[in-house]
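Chain by chain, the residues run as shown.
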Amino acid sequence: MIVAIPVSENNVKGTVSTKFSRSPYFAIVNKEEKKYEFVINNYIDEIEGVGKKLFAWLMKSYGVNTLLAYELGIKVQQLADEQNLQLIIINDESMTLEKILQYLGV
Amino acid sequence: MPKPRVLSKIQMPPRVKGFNPMGYYRKNAEPVKLSIDEYEAIRLLDYEGLTQKQAASIMGVSRPSVTRIYQKARVKMATMITEARQLSIEGGRIFFDSSWFCCENCDSKFNAPLGKQPECCVLCGANTIYNLEE
Ligand SMILES: [Zn+2]
Chain A
1 MIVAIPVSEN
11 NVKGTVSTKF
21 SRSPYFAIVN
31 KEEKKYEFVI
41 NNYIDEIEGV
51 GKKLFAWLMK
61 SYGVNTLLAY
71 ELGIKVQQLA
81 DEQNLQLIII
91 NDESMTLEKI
101 LQYLGV
Chain B
1 MPKPRVLSKI
11 QMPPRVKGFN
21 PMGYYRKNAE
31 PVKLSIDEYE
41 AIRLLDYEGL
51 TQKQAASIMG
61 VSRPSVTRIY
71 QKARVKMATM
81 ITEARQLSIE
91 GGRIFFDSSW
101 FCCENCDSKF
111 NAPLGKQPEC
121 CVLCGANTIY
131 NLEE
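Residue numbers (my numbering), protein chains in the order written: chain A, 1 to 106; chain B, 1 to 134.
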């Protein structure tokens, strides 16, 4: 399972960003290999088609098959459905990456 | 006789089962019941800013159906805030895009892509999960 998580900071104390596509960073977590890395969202300031570009980049560059978010935009949600991605929607916006990694056993 | 409305497709279950007014609320007043298709119409049209045509295509219903669902939803939302009523979000002629589950341990929701039924929570691994459609 390779999970993309939108995070407010590039460290484990950062919390999940409320808006998926406008998140400054993503944590890419590989559950089986127990590894994670931070990547910068280069599409954050784009005016149109952010969701689509971001989604394509996460899939192609990192082989993401799971999205974890507090809220997913409609475009990302549709793309995820088309690709049969695993979606995880958390109910607590103050959840830190540290806590998520703990849940995932990473 | 109007012909029966087709089921609306819902992408994701609503986050909560309802809302309570702050501070004051009328005792014994029936909560306003917003159905899940009405919630979805408000989300797609007002939160996501889609057109009625786009929302109709996502929900898999006709444009006039979306107009009707949305109209009802707006009246209910207005009643809720004007009369300070509780709001419950439940029911409706709907089906989910894929099965959705909720975990009692980490309070997250997750889907089951390709119809694979999960035995435990995909986030925390707990087996305290239940199907949101049941
Ligand atoms: Zn869980």
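Quick caveat, the hints were computed from the structure, so don't treat them as lab data.
Computed from a predicted structure; not experimentally measured.
Errors might be hidden in some of the hints.
[As the list claims (entries may be wrong)] Below, a list of computed lysine to aspartate or glutamate pairs in the DMTMM-like style, where the Cα atoms sit at most 20 Å apart:
hint: 1; chain 1: A; residue 1: 19; chain 2: B; residue 2: 104
hint: 2; chain 1: B; residue 1: 9; chain 2: A; residue 2: 33
hint: 3; chain 1: B; residue 1: 9; chain 2: A; residue 2: 93
hint: 4; chain 1: A; residue 1: 53; chain 2: A; residue 2: 81
hint: 5; chain 1: B; residue 1: 17; chain 2: A; residue 2: 93
hint: 6; chain 1: A; residue 1: 31; chain 2: B; residue 2: 48
hint: 7; chain 1: B; residue 1: 9; chain 2: A; residue 2: 81
hint: 8; chain 1: B; residue 1: 17; chain 2: A; residue 2: 92
hint: 9; chain 1: A; residue 1: 13; chain 2: A; residue 2: 37
hint: 10; chain 1: A; residue 1: 75; chain 2: B; residue 2: 48
hint: 11; chain 1: A; residue 1: 99; chain 2: A; residue 2: 71
hint: 12; chain 1: A; residue 1: 60; chain 2: A; residue 2: 93
hint: 13; chain 1: B; residue 1: 116; chain 2: A; residue 2: 37
hint: 14; chain 1: A; residue 1: 53; chain 2: B; residue 2: 46
hint: 15; chain 1: A; residue 1: 99; chain 2: B; residue 2: 46
[As the list claims (entries may be wrong)] Covered stretches of chain B, going by a simulated chain A footprint (3 or more residues, C-beta under 8 Å):
hint: 16; segment: 9-20
hint: 17; segment: 40-51
hint: 18; segment: 57-66
hint: 19; segment: 74-86
[What the hints assert, rightly or not] Just some of the chain B residues that point at chain A, by a computed CB distance under 10 Å:
hint: 20; residue: 28
hint: 21; residue: 30
hint: 22; residue: 35
hint: 23; residue: 95
hint: 24; residue: 100
We treat Cβ as the ideally placed atom computed from N, Cα and C, and that holds for glycine.
These are the hints, each one checked on the structure:
no.: 1; hint: A/19 / B/104; verdict: 24 Å, violated
no.: 2; hint: B/9 / A/33; verdict: 36 Å, violated
no.: 3; hint: B/9 / A/93; verdict: 26 Å, violated
no.: 4; hint: A/53 / A/81; verdict: 16 Å, holds
no.: 5; hint: B/17 / A/93; verdict: 18 Å, holds
no.: 6; hint: A/31 / B/48; verdict: 32 Å, violated
no.: 7; hint: B/9 / A/81; verdict: 12 Å, holds
no.: 8; hint: B/17 / A/92; verdict: 15 Å, holds
no.: 9; hint: A/13 / A/37; verdict: 14 Å, holds
no.: 10; hint: A/75 / B/48; verdict: 10 Å, holds
no.: 11; hint: A/99 / A/71; verdict: 18 Å, holds
no.: 12; hint: A/60 / A/93; verdict: 27 Å, violated
no.: 13; hint: B/116 / A/37; verdict: 28 Å, violated
no.: 14; hint: A/53 / B/46; verdict: 24 Å, violated
no.: 15; hint: A/99 / B/46; verdict: 33 Å, violated
no.: 16; hint: 9-20; verdict: holds (count 3)
no.: 17; hint: 40-51; verdict: holds (count 3)
no.: 18; hint: 57-66; verdict: violated (count 1)
no.: 19; hint: 74-86; verdict: violated (count 0)
no.: 20; hint: 28; verdict: 30 Å, violated
no.: 21; hint: 30; verdict: 27 Å, violated
no.: 22; hint: 35; verdict: 20 Å, violated
no.: 23; hint: 95; verdict: 13 Å, violated
no.: 24; hint: 100; verdict: 9 Å, holds
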